[in-house]
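Letter by letter, the chains look like this.
Number of protein chains: 4
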Amino acid sequence: MTEANPNSRLEAFCDGVFAIALTLLIIDIKIPSTVEINSTNEFWLALKHITPSILAFVLSFIIILVTWVNHHNSLKLVNKSSASFIYANGFLLLTVVFIPFPTSLVGEHILTNHAAPAVLLYNVIIAIQGIAWVLLSGAELKNELAKNEKSITQIQINRKNGYFTFIVYSILAIISLWFPLTIAIVTTLTLIFWLIYGINIKHE
Amino acid sequence: MTEANPNSRLEAFCDGVFAIALTLLIIDIKIPSTVEINSTNEFWLALKHITPSILAFVLSFIIILVTWVNHHNSLKLVNKSSASFIYANGFLLLTVVFIPFPTSLVGEHILTNHAAPAVLLYNVIIAIQGIAWVLLSGAELKNELAKNEKSITQIQINRKNGYFTFIVYSILAIISLWFPLTIAIVTTLTLIFWLIYGINIKHE
Amino acid sequence: MTEANPNSRLEAFCDGVFAIALTLLIIDIKIPSTVEINSTNEFWLALKHITPSILAFVLSFIIILVTWVNHHNSLKLVNKSSASFIYANGFLLLTVVFIPFPTSLVGEHILTNHAAPAVLLYNVIIAIQGIAWVLLSGAELKNELAKNEKSITQIQINRKNGYFTFIVYSILAIISLWFPLTIAIVTTLTLIFWLIYGINIKHE
Amino acid sequence: MTEANPNSRLEAFCDGVFAIALTLLIIDIKIPSTVEINSTNEFWLALKHITPSILAFVLSFIIILVTWVNHHNSLKLVNKSSASFIYANGFLLLTVVFIPFPTSLVGEHILTNHAAPAVLLYNVIIAIQGIAWVLLSGAELKNELAKNEKSITQIQINRKNGYFTFIVYSILAIISLWFPLTIAIVTTLTLIFWLIYGINIKHE
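Protein chains in written order, with numbering that gives the first Met the number 0: chain C, 0 to 203; chain P, 0 to 203; chain Y, 0 to 203; chain R, 0 to 203.
Rather than coming from a laboratory, the hints here were simulated on the basis of the structure. Warning: the hint list may mix true and false statements.
Here are the simulated DMTMM-like pairs of lysine to aspartate or glutamate, each with C-alpha atoms no more than 20 Å apart in a straight line [as the list claims (entries may be wrong)]:
#1 C:K29 x R:E35
#2 Y:K29 x P:D27
#3 R:K29 x Y:D27
#4 R:K29 x P:D27
#5 C:K29 x Y:D27
#6 R:K29 x C:D27
#7 Y:K29 x C:D27
#8 C:K29 x P:D27
#9 R:K29 x Y:E35
#10 P:K29 x R:D27
Listed next, with one range per pair, are the computed distances between beta-carbon atoms [said to hold, decoys possible]:
#11 Y:N37 x P:S32: 20 to 30 Å
#12 P:L44 x C:K29: 19 to 29 Å
#13 R:E143 x Y:K29: 36 to 46 Å
#14 Y:Y196 x C:N37: 47 to 57 Å
#15 P:N142 x C:L190: 20 to 30 Å
#16 C:L110 x Y:K29: 26 to 36 Å
#17 R:F163 x C:T50: 51 to 61 Å
#18 C:I170 x R:W43: 14 to 24 Å
#19 P:N160 x R:T189: 51 to 61 Å
#20 R:E143 x C:I170: 53 to 63 Å
#21 Y:E148 x P:I170: 49 to 59 Å
Glycine residues also receive a C-beta, built at the ideal position from the N, C-alpha and C atoms.
Starting from the given sequences, assemble the full structure and let the hints guide the process.
Below, the structure is given as structure tokens:
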């Protein structure tokens, strides 16, 4: 196994991190306590209050799932490993592991009059994830880890998408300083678009 | 490995999510603090107070374990993959990852006079899990991922069970608005039934 | 892979649960907050206060690690699977996942005058784990999952050890009602004994 | 699989623990609540307050990632297993699992006038990790688990590095009693050095 594919343990490790980051998102949804609630109506109200947290949870779940699918497809393109490739992967994982934090911020503060920092941070972390993809693709190309010519072309596309992601979400992050709620909706729509786009392209 | 079974990494990823969701359930059982307790009797009383949380923990543990066994058997039926199959799996995982939240709600509020929303949400999430099974089986059939004719028959049975699950738990969810405690007991009994049924059928 | 060993996915799933239960233990050690601390001396005092929690963490870490090693050796004895074997495994996992809860209780309450319920619960969960081993070995024998004659002998020893564990820790649990601190020390010593015993026996 | 490499399940288990410890770090960054914040400015201030926690998170993420890479390379040197090797691995995992605790302490207290205990504990845990490497290498040598002569040389280097780590971070721990902030910066710099050093050496 180790001989056949030098990346199988890296793959398993990354999968573990993705799986945990995904599952940990639920922890930040705090349940209303019995002390504050005295009737069914108050219970419904309390649940209504945490609806933004649940939406933010679903959104971040989608981001991490899409990133995992991309990572899955990306690791299929290489059959060698290198130290900078491993650390670029580590940087990508860092951005994934960090996602629960801005998710909580957005869930807690999106409906207040001071939502801007939360939405900004959420978009900044997606933008930095773009950089991680650029570094990962760069390491794959520089250390010649690709399986074949076709893989090289795909890695170059991944790198281009990384730059694109960085630019788009950086711009959204800046605009969110003035229009946090609008940008939150735009960010959500772009991610739903990626999800549908991911389902429709022929998966091999 | 990647060549032999295209789903092995998906399998490992799903297993990771199931394992974590299962284990995270324990986090929501809050331990009584030393500040509030001054004698052994008060300690026993405090533990008695969190008994519903422990029962809810065991119940959700069983749900996730049974779902994992079903998922395990379900992935044995296919030997190909597709994008919509991956995303249907992702949707199933979303419903699994969400379970700790209604579990906490039920554990905290079941013995109050406003338990209805908690029990309703708990049944709604199981009903939605039924939809996830319908989507998963649908993707398996539509993209022709099944191993052989016998697998196709089993996938069709899984889809039927998915519809059945959706209908039964939707009805339980609605009735729970009036009789939350009764429905909580009925839901528990149905799950124990599934568990025993799962042990008794010939496992292959 | 699936053909060669039907238990490889079960193994991976159990490993995941063990690994998470082990790691989650650290979450329950609450760090002292800046609000309560104004000097280095107060910081040291606060750390001294959570020393029992750290000891309980190390103890539970050892229990889960030893259980994992035993589980690892136990799964080597079988090369088939059955539904009741899977659910007996599930029951063992339930006892493992539950460990962080009595660990927190012991860590928080061991130095108070009402430590009995915490120590009792801690020993009860180890006793129940003994039952889980009895059920697991029983399923292995009843469904004839063992690799060969030598495996059967070893499984019978495991079952005997399960009964022994159940009896010993049940007795410790009962005595802890009167002498919680003494029993906490005795329990710790027995576990250190298992650990050293596990290191010294010839590992194959 | 089990026959080919007796350590594949140990590897998977350790990977799981590393992955979870890495991901759990984010949980300890507490988000500011809506109750305390009334304007965007206050939100920014609250985020500025938790910057040390975020830096500590990134630092510990790097430590665990570098340790994982080292562990990954270390397990490549052996193709046999032994009980003391497994328990030395367990001890290494214990030091990894513990890291979130001093990380929280440093994040919460580094900018106060009583940071010494936090920085001391952080360096102590890295020093103890050095001991874990000494024990692991010792078990590998004593039980003759190495693949070949070249592996033995590398394991001896690992053991030497373990002693070196223990001595360096013990000294840093002691000095941190007088100069906590300086030592925190020095510790960070040494870890960044290990990271860059790890990227630059030829990875095989």
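Results of checking the hints against the structure:
no.: 1; hint: C:K29 x R:E35; verdict: 17 Å, holds
no.: 2; hint: Y:K29 x P:D27; verdict: 15 Å, holds
no.: 3; hint: R:K29 x Y:D27; verdict: 15 Å, holds
no.: 4; hint: R:K29 x P:D27; verdict: 17 Å, holds
no.: 5; hint: C:K29 x Y:D27; verdict: 17 Å, holds
no.: 6; hint: R:K29 x C:D27; verdict: 10 Å, holds
no.: 7; hint: Y:K29 x C:D27; verdict: 17 Å, holds
no.: 8; hint: C:K29 x P:D27; verdict: 10 Å, holds
no.: 9; hint: R:K29 x Y:E35; verdict: 17 Å, holds
no.: 10; hint: P:K29 x R:D27; verdict: 17 Å, holds
no.: 11; hint: Y:N37 x P:S32: 20 to 30 Å; verdict: 22 Å, holds
no.: 12; hint: P:L44 x C:K29: 19 to 29 Å; verdict: 25 Å, holds
no.: 13; hint: R:E143 x Y:K29: 36 to 46 Å; verdict: 44 Å, holds
no.: 14; hint: Y:Y196 x C:N37: 47 to 57 Å; verdict: 55 Å, holds
no.: 15; hint: P:N142 x C:L190: 20 to 30 Å; verdict: 24 Å, holds
no.: 16; hint: C:L110 x Y:K29: 26 to 36 Å; verdict: 30 Å, holds
no.: 17; hint: R:F163 x C:T50: 51 to 61 Å; verdict: 54 Å, holds
no.: 18; hint: C:I170 x R:W43: 14 to 24 Å; verdict: 21 Å, holds
no.: 19; hint: P:N160 x R:T189: 51 to 61 Å; verdict: 57 Å, holds
no.: 20; hint: R:E143 x C:I170: 53 to 63 Å; verdict: 60 Å, holds
no.: 21; hint: Y:E148 x P:I170: 49 to 59 Å; verdict: 53 Å, holds
When each numbered hint is compared with the structure, no violation occurs for any of them.
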